[in-house]
Amino acid sequence: MARRVLVTGADTFWGGRTIQALEADRTIDVIVGLGMEEPSVQWDRAEFVRADQTYSILSRLVRATQVDTVVHTFLLVDSSLASPRRMHETNVIGTMNLLAAAEASGSVRHVIVKSSGLVYGSSARDPATFDEETPRAGRPRTEVERSLVEAEGLVADFAGEHPTATVTVLRFANVLGDEIVTSLSRNLSRPLCPSILGFDPLVQFVHQHDVVRALEFAFHQKVTGTFNVAGAGRLPWSEVAAICGTRLLPLPPVRPDLAAAPLVRAGLFAFPPELGTLLRYGRGMDTRRFSDAGFAYHYTSAGAVEAFARQLRLRKNIGHPRHRYTYEHDVEQFFRHSPAVVRTPAR
Amino acid sequence: MSTRRAAVGTKPSTGVVPLRRTGTAQSELFDPRRSDVDEWGRSDRVRAFARMLSNPVYAKWFRAEWEGLDRIPATGGALLVGNHAGAVPCDAPVVMHGIETELARPVYGLADYWFRTLPFIGTLWSRAGGVPARPDNAYRILHEQGQLALVFPEGVKGPSKPYAERYQLQRFGRGGFVEIAMRAGVPVLPIAIIGSEETMPVLWQVPAVAQALKLPYFPVTANMVLLGPLGIVVPFPAKFRLRVLEPVTFDVPPDQDHYPKSRVMEESERVRSMLQEALRDMLAERRSIWFG
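Residue numbers (my numbering), protein chains in the order written: chain V, 349 to 695; chain S, 15 to 306.
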């Protein structure tokens, strides 16, 4: 059956690349990308719709397009990129609006949510490995974790109230790749990278390529439930820094955020609160459930770091790529809707 | 170098190294690790270094002697349960060192997560095989990975008790160790240890200092009285004897969500009295604290 898909966060790496991956599938009739900014990658046939940060346009959009699948990639997971208020608006209110729209339309049968391992937090009481059922050790202390936990709670409520709908929640480990910029990847690409004196936590990564593949897999296989998505194995932070060729700058274990503040201000590195706890206690995720569902990773954690390091070296040698795609609304509209364009379906 | 080139596939290899492509089976994935730190934070290299450093202490200072080491299985998981004593307990390193050198099997020492919160010490503790004592951690080590784990069910009540109560086993927590062994389907191997109490006899407790320093307890030990601040780190050279007792197995199916609390407490008490009896037996044979 032909499917109709709505992808949120279309302007981010996650949404943009997921749309590209879905476009190749001819069984999908309609792909609508919803984002606050213009898309940063080129799409062949997906349509872009602009929205505000809480996605208030959603119910109208879902009703009008009658989509059967919603891929919700627009959950902010990096607090250095958004204010706490914006994080709450986007993660909690945005998800609430999305689920309300899905419920009201009656057409949505599959919801895929891109969440993060941040919902587990990072503390001394943690188990070495979180599986999908392990509760977090304490209440969330950072806004990003709090809003993600709350957003996931809304999704769980939705799943409970709509047992016939397929609800997939993917909890990703820290993502590395040349296209996606997080505070972690930015730190690793600088000559100096923060660490906390006396701590060398184990961290786990997933390559951006596997991220898109995981979302695509969830879309096609219609797997239900919550899944951790992370490369196999985990590495001490010192080893990660060594592979990436950056030096560690140890911050004092007592209030590292205060010591980091002037350095962050100077633009040396990013040090959001969730990174502070990660660099102390790390986080490990059990990935067997997703593998058992049939997903085959292309990268281990160390493989993802190595691939990222290769990109860094390439970047250092040839500079940043010049040709960046710019979205032109009129041009895109022309290609999609002008009678002048010859369309050859299902090549 | 050759494997790296083959794995990223820049050009087909003509040498003897088989060309590996990423993206087939999980086990075939390119995994360029540089350290040998495992998922628990333990590193074989750090352990080997620690063993090298602690060998003189183990062999010359404590002159540790084992009985019944053959009861520890060569493969498969087992939960080692010991009595815990001495203000800064030397029993865990001695047991881990002994088993790793004699049987060449790694031992994961389960302990309070408090260690993790300490800079440097926490990292070293983890690299040397320390793991926060949590049921899910223990289950993975014992059941899924078939490794040895060492636990002291007395917890801090063991090392913090005064010298007057030496070799009197304290309460065995809430019997959590039995539940873990039941769930993991592994035997419990009690290890009776003598000599540990005399390495750092606790004279009295100073709770105010413990509170100020955020320590679980702060004792004044005989070592501190005799050696001053050096006494915090230098144990007396008491003779260590360790006896591995008969394995305790539980006739229950593994992987259950729930085990009857009465049964758990009963088994916990059985292990405790086995250990207590063995300790009394060994102490009845001991002629000298220093020479065994």
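Quick caveat, the hints were computed from the structure, so don't treat them as lab data. Here a beta-carbon is modelled for each residue, glycine too, at the ideal position from N, C-alpha and C. Check before you lean on any hint, since a few could be wrong.
Example chain S residues on the side facing chain V (calculated, C-beta under 7 Å, incomplete) [what the hints assert, rightly or not]: (1) 43; (2) 54; (3) 126; (4) 130; (5) 131; (6) 137; (7) 139; (8) 142; (9) 151; (10) 178; (11) 264; (12) 304.
When the least beta-carbon distance from residue 126(S) to chain V is tested against 7 Å, hint result
violated, 10 Å
Evaluation of the interface hint that places residue 131(S) against chain V, nearest CB under 7 Å
Hint holds; residue 131(S) Cβ to chain V Cβ min 5 Å, cut 7 Å.
At a threshold of 7 Å, is the proposed contact between residue 178(S) and chain V supported by beta-carbon distances?
Where the cut-off is 7 Å and the nearest Cβ of chain V is about 34 Å from residue 178(S), the hint is violated.
Taking the least C-beta to C-beta distance, is residue 151(S) closer than 7 Å to chain V?
Since the shortest Cβ distance to chain V is 5 Å, the answer is holds.
Chain V contact restraint for residue 142(S) - C-beta distance below 7 Å
violated, 13 Å
With a cut-off of 7 Å on the beta carbons, see whether residue 264(S) makes it to chain V.
violated, 23 Å
Against chain V, is residue 43(S) within 7 Å by beta-carbon distance?
holds, 5 Å
Chain V contact restraint for residue 54(S) - C-beta distance below 7 Å
holds, 6 Å
Residue hint residue 130(S), partner chain V, criterion CB-CB below 7 Å:
For residue 130(S), the interface hint holds, since the closest Cβ of chain V sits about 4 Å away, which is under 7 Å.
Is the shortest C-beta separation between residue 137(S) and chain V less than 7 Å?
holds, 5 Å
Close enough to count: is the Cβ of residue 304(S) nearer than 7 Å to one in chain V?
violated, 37 Å
Against chain V, run the beta carbon of residue 139(S) and see if the smallest gap drops under 7 Å.
With a minimum Cβ separation of about 11 Å from chain V (threshold 7 Å), the hint on residue 139(S) is violated.
Hint compliance for this structure: hints 3, 7, 8, 10, 11 and 12 are broken, all remaining hints hold.
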